[in-house]
Amino acid sequence: AQSVSQHNHHVILSEAASLELGCNYSYGGTVNLFWYVQYPGQHLQLLLKYFSGDPLVKGIKGFEAEFIKSKFSFNLRKPSVQWSDTAEYFCAVNPAGTYKYIFGTGTRLKVLA
Amino acid sequence: SQTIHQWPATLVQPVGSPLSLECTVEGTSNPNLYWYRQAAGRGLQLLFYSVGIGQISSEVPQNLSASRPQDRQFILSSKKLLLSDSGFYLCAWSKTGGSHGYTFGSGTRLTVV
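Residue numbers (my numbering), protein chains in the order written: chain A, 1 to 113; chain V, 1001 to 1113.
Quick caveat, the hints were computed from the structure, so don't treat them as lab data.
One or more of the hints may lead you astray.
As the list claims (entries may be wrong) - Here are a few chain A residues that sit away from chain V, every Cβ distance over 12 angstroms (derived from the structure):
| no. | residue |
| --- | --- |
| 1 | Gln6 |
| 2 | His43 |
| 3 | Leu47 |
| 4 | Lys49 |
| 5 | Asp54 |
| 6 | Ser70 |
| 7 | Ser80 |
| 8 | Ser84 |
| 9 | Ala92 |
| 10 | Lys110 |
As the list claims (entries may be wrong) - Pair ranges (Cβ atoms, derived):
| no. | chain 1 | residue 1 | chain 2 | residue 2 | range |
| --- | --- | --- | --- | --- | --- |
| 11 | V | Asn1030 | A | Glu15 | 43 to 53 angstroms |
| 12 | V | Thr1111 | A | Lys110 | 19 to 29 angstroms |
| 13 | V | Gly1052 | A | Ala1 | 36 to 46 angstroms |
| 14 | A | Ser5 | V | Ile1056 | 20 to 30 angstroms |
| 15 | V | Gly1027 | A | Leu56 | 31 to 41 angstroms |
Note that CB positions come from ideal geometry on N, CA and C, so glycine has one too.
Taking the hints into account, I'd like the entire structure generated from these sequences.
Okay, structure coming up:
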């Protein structure tokens, strides 16, 4: 069955530290990839997405993610986190040509000021 | 611009009572519509999706049902709630084709007592 794994369930960082959140998926075909963020008390919002082309995609607020097809991974990165990045982050995979999105279990990030 | 409305925000219902959660989308036509349940530590679980009026696909067997009586209206229902139905329910929409990413509603916190 298709699945998405986010290995880090809770991450605590100090401001200005670098961030990398892992996301691996199990699906052999073409996929569209997404990262969503949910700030405390707010809706889930799209952070960035990958459809095709350059495997390094840049999103809002300085986030980026790299698609490594051989590793079935789409890790999220930010060089220097801020207190305002405290949120829960979800990776999602959409097998191309389908309507379904498969979400990971989420990673709670806490950034200490 | 497109907006998605979901209500109520919170709901406390006794076991055995019926349920009706409503979701409407504005500013677009023929959206794909989705119901997800978000559980702590388990991420987002797709419950139902719909690609058109009257077309409902169920992802997991459960005590819930969904209906799409109008193009931009998606309803989540139950005839008799169980304790295990408690959770956070999210409605989402995407453009036809599914690969553009979701826009999520604000969610409904359902507590079955």
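Check your understanding: Which numbered conditions among the earlier hints are violated in the structure presented, ordered from lowest to highest?
Key -> Numbers 1, 2, 3, 4, 9, 13 - these are the hints that the structure violates, sorted from lowest upward.
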